[in-house]
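**Student:** Sequence:
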Amino acid sequence: MIKAVLIFNNQGKPRLMNWYQQMDIGRQQCLLKEVHRLVHKRPNTVCNFLSGGALLGEDVRIIYRHYATLYFVFVADASESELGILDLIQVHYLLHSSMSGHYASTFK
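So that you can map any letter, position 70 of the sequence shown is 70 in full-length UniProt numbering, and since no number is skipped, the others follow by simple counting.
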């Protein structure tokens, strides 16, 4: 099950936050900062899947892609396919790009 969809820039400023679990704003902000900290420090040569760790739980996965200055992040439980989520991120990115008028045909 997908628990959250997050889009934020390199500085961690959110562009889109959809949470599919009930939680207060403070916890959402804390989770956003933690997810940003985890994905921003990783080099581009490593895998795009992370374990949720102590904050989100060991059965939660963070799946992300970094396009230009934006991170597209899906937080999902272990029952979701990581490769399927990466495909979903790519479709989400293409939709986002076409809606904003900046269609990109090549990906990093």
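Be careful, since some hints might not be right.
What the hints assert, rightly or not - Across the chosen pairs, the derived CB separations fall in these ranges: (1) S97 <-> A54: 33 to 39 Å; (2) L83 <-> E34: 30 to 36 Å; (3) P43 <-> Q21: 17 to 23 Å; (4) M17 <-> D77: 15 to 21 Å.
None of these hints come from the bench; they were simulated from the model.
From the three backbone atoms N, C-alpha and C, an ideal C-beta is built for every residue, glycine too.
**Student:** Determine for every hint whether it applies to the structure shown.
**Tutor:** Now the hints, each set against the structure:
A C-beta distance of roughly 35 Å is found between S97 and A54, which places it inside the suggested range of 33 to 39 Å. Checking the proposed 30 to 36 Å range against L83 and E34 shows it is violated: the Cβ atoms sit about 24 Å from each other. A hinted range of 17 to 23 Å for the beta carbons of P43 and Q21 is inconsistent with their spacing of about 30 Å. For the pair M17 and D77, the beta carbons lie near 18 Å from each other, so the given range of 15 to 21 Å is met.
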